[in-house]
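Visitor: Given next are the chains, with one letter for each unit.
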Amino acid sequence: MSEPTPCTQRLNPPDPAGAPHPPHLLECRGLSFAYGRSRVLEDVSFAVHRGESLCVIGPNGGGKSTLAKLVLGLLEPTAGQLTVLGKSPREARTALGYVPQAMRFDPQFPIAALDIVLMGRLNHLKVGAFSKKCREVARAALDEVGLSGYERRPFSDLSGGERQRVMVARALACEPEILLLDEPTANIDLSIEAQLLETLAALRHRMTILMITHDLDLVSSIGDSVLCVNHRVHRHSLPLSGETIKEIYSSRRRLEHDRRARDQHGDPCLCDHD
Amino acid sequence: MTDFFADFIDAVKTVPLIRYALLAGIVSSLTFGVVGSLVVVRQIGYVASAIAHSILGGIGASVYYSRVYDLPWLTPMLGAIAAALLSVAVIGWATLKFKEREDTIIGAIWAAGMAAGLLFLHYAPGKAVNLESFIFGNILLTSKSDVIATLILGVIVMSLVALFYHKLVAVSFDEEFAGLRGVSSKAYYFLLLTLTALSVVLMVRVAGLILSQALLILPAATASRFSRSLWAIMAGAVVITALANTAGLALSYQYDIPTGPFIVFLAVVFYALSFLLRRKRA
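Each protein sequence line maps, in turn, to chains X and W.
The opening residue of the first sequence carries number 52 in the numbering used here; numbering runs sequentially from there.
The opening residue of the second sequence carries number 7 in the numbering used here; numbering runs sequentially from there.
Mixed in with the good hints there might be a few duds.
[As the list claims (entries may be wrong)] Chain X side only, calculated, beta carbon under 8 Å to chain W, not exhaustive:
1) Y86
2) L123
3) M154
4) N174
5) L176
[Said to hold, decoys possible] Per label pair, the in silico range of CB-to-CB distance:
6) E127/X with P78/W: 50 to 56 Å
7) E182/W with G112/X: 47 to 53 Å
8) T145/X with A241/W: 49 to 55 Å
9) G188/W with K183/X: 16 to 22 Å
10) A146/X with W237/W: 30 to 36 Å
11) S235/W with N174/X: 52 to 58 Å
12) T81/W with N174/X: 38 to 44 Å
13) Y75/W with R155/X: 51 to 57 Å
Rather than coming from a laboratory, the hints here were simulated on the basis of the structure.
A virtual CB, placed ideally from N, CA and C, is assigned to each residue, including glycine.
Bound-form chain W, shown alone:
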């Protein structure tokens, strides 16, 4: 066991790849724990999932246009952010406007994003794109600039939540009353969707676009089984995400397991364990 830790710590010290992956995992768990908790209490996991999948459209488009028009600044990350924000705009508008068709519309955006992404990637000139790293994530491809980008995005997300915490909670608990006290539920719904989208973009690097939504929701759902205060759920979710990321990285490094899926698998295990360990409620 000590060998195991020594090996991993050694790897963190000597292999920049592992170091950046570890840092990105820990930094992004702050964002994920906090935003994931809001997504869980607001019960919009399905929307988060749709945003995550539609990101492929932005990734595909950015790869295609950067190659066709030689635009080196147009990175997949930038495309992912643009696609995520576009999905937020469309999903937000559609769910507020056509409430009764909500699930159909969300499903359509989910599919449209993925289909567009696959088409763009198919027709992109040059060598074939490694689709797998987008779909399943590859935390080991994390660079120093990714860690910095993750940190910046994390700071933005955390500041927004800190500034608007009470209003976000109020519209999640009672939209109508918050509206009567001058808090625009629509504006804060969009804010929450935007925070979700930015977090999902962060996590796609770690867990890929299929599994990232699980990593957003499961730690918060696990924490919510042990606590009845949103602050505590957020803190718990941050710790659980960081634990899953770190343990997942260490174990996958040691035993040569695909990292992203294994991290998500650990999150699922923690969630399952919460049913066994769940505190008895009065």
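With the rest of the complex left out, here is chain X:
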């Protein structure tokens, strides 16, 4: 089992030099996951520090979403260890604010923006209506993503970018320690995206962010460092060089090749753009 990769490549360390190193909010040691016989992640080790913004990139099928599901405790690792705030992901669930892709939802679902945001408070609700405090937290979260006044607006009336910001507000209403975003800019209009970017850039200063994305604009404006996931992981510092980007995204073909080789020879695939 290997040690977690130290964060030596951070560009924006949150603490002044010489201060004691903050504890890892999230730590992954020798993590592996397979769907049946198909291995998705192999011997993955990394750590996320408090206040860090880590962008997870990599080719489709490389295991990004699987990694997110493992962090959320929706999947159990086949080997290795994953701790969130020193606890199992399942136990630490309420400390995570999860932002799925807004495009996943039925756009005609009859629900108002504030009611979506209030879902972040579901763990505080037993029966009946949400408490006043929950409503205040939800309103403040809408405020924070620049959507004050949108409380009663139906989800179906919102633009793609606004829907995605509602999802961010819902995650903020969880009062999370870590914000976990799954491709927040996928399927969103470029002009609208600027507002989302602004929101995330502001959030980055006050919380730990773990973001899966294909969007290199987002990586360069939000990320402190980059984790490339392609069965294995590799950390990169920012800014990414053109060469690195090319390597990361051209690895799919090699990935397929490696899969075939592995199937034939049982040889595990290595992160190939290293």
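Please build the complex by placing chain W on the supplied structure of chain X, with the hints as guidance.
Guide: Frame of chain X; chain W shown alone:
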């Protein structure tokens, strides 16, 4: 026109049959509008339909066993409730366990319930059972105790929805996120199926087991074309169901039309009209 209303109001006053039918129709529309809206947003109309049809198995079994073993307390209503809850258990379990075979399993339960019901009724001793009133409903057979049972069931269903409204909506909108916030999507899926089953049992009396599912879904679908808030859809669906029930009863009384099918026909007309009157969306 005034004669028409006067006649109907007169009938409501003097004929208990009409009075109970009207009351049952109005009371059950509360349940139907609310649960129907949840069924529509969750898109489980097909499941509701399967539950409605499988009820015949419970009706048949209750008729058969009450006659063979002389159990007068075993009423068709009780059999229907038992069958509906059994279908919920099987459909819920099967759809969660074998997601990819969902439609086949639901279809099988639908057919199994009806086949069992027909067999039970065929072999039940005594005089032949009037199958038609179960299949097409007969609101005019409503008794005072039916109205009370409808009211009790309605109160139970409405209380459950009021208590768990936010969680039911959350699992319908985003099962995964609700799960992450500690709301068991499975438990609430079962709750919604149970509410659906109880509502369908209520409505079988009015519209029969073939058409009751239409009365569950169409008013909510109609209301959803005009509103984008679930509360408003629920309220609209309640009003539309009550309107269809009342107008259907009045017209069928006046012109001697079969009541259940006519009520459903009105619900279809309202739905069709919603396409003509639909508010333009931005």
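Visitor: Work down the list of hints and note, for each, if the structure agrees.
Guide: Tested hints:
no. : hint                           : in the structure
1   : Y86                            : violated, 15 Å
2   : L123                           : holds, 6 Å
3   : M154                           : violated, 13 Å
4   : N174                           : holds, 4 Å
5   : L176                           : holds, 6 Å
6   : E127/X with P78/W: 50 to 56 Å  : holds, 54 Å
7   : E182/W with G112/X: 47 to 53 Å : violated, 20 Å
8   : T145/X with A241/W: 49 to 55 Å : violated, 34 Å
9   : G188/W with K183/X: 16 to 22 Å : holds, 21 Å
10  : A146/X with W237/W: 30 to 36 Å : holds, 32 Å
11  : S235/W with N174/X: 52 to 58 Å : violated, 24 Å
12  : T81/W with N174/X: 38 to 44 Å  : holds, 43 Å
13  : Y75/W with R155/X: 51 to 57 Å  : holds, 53 Å
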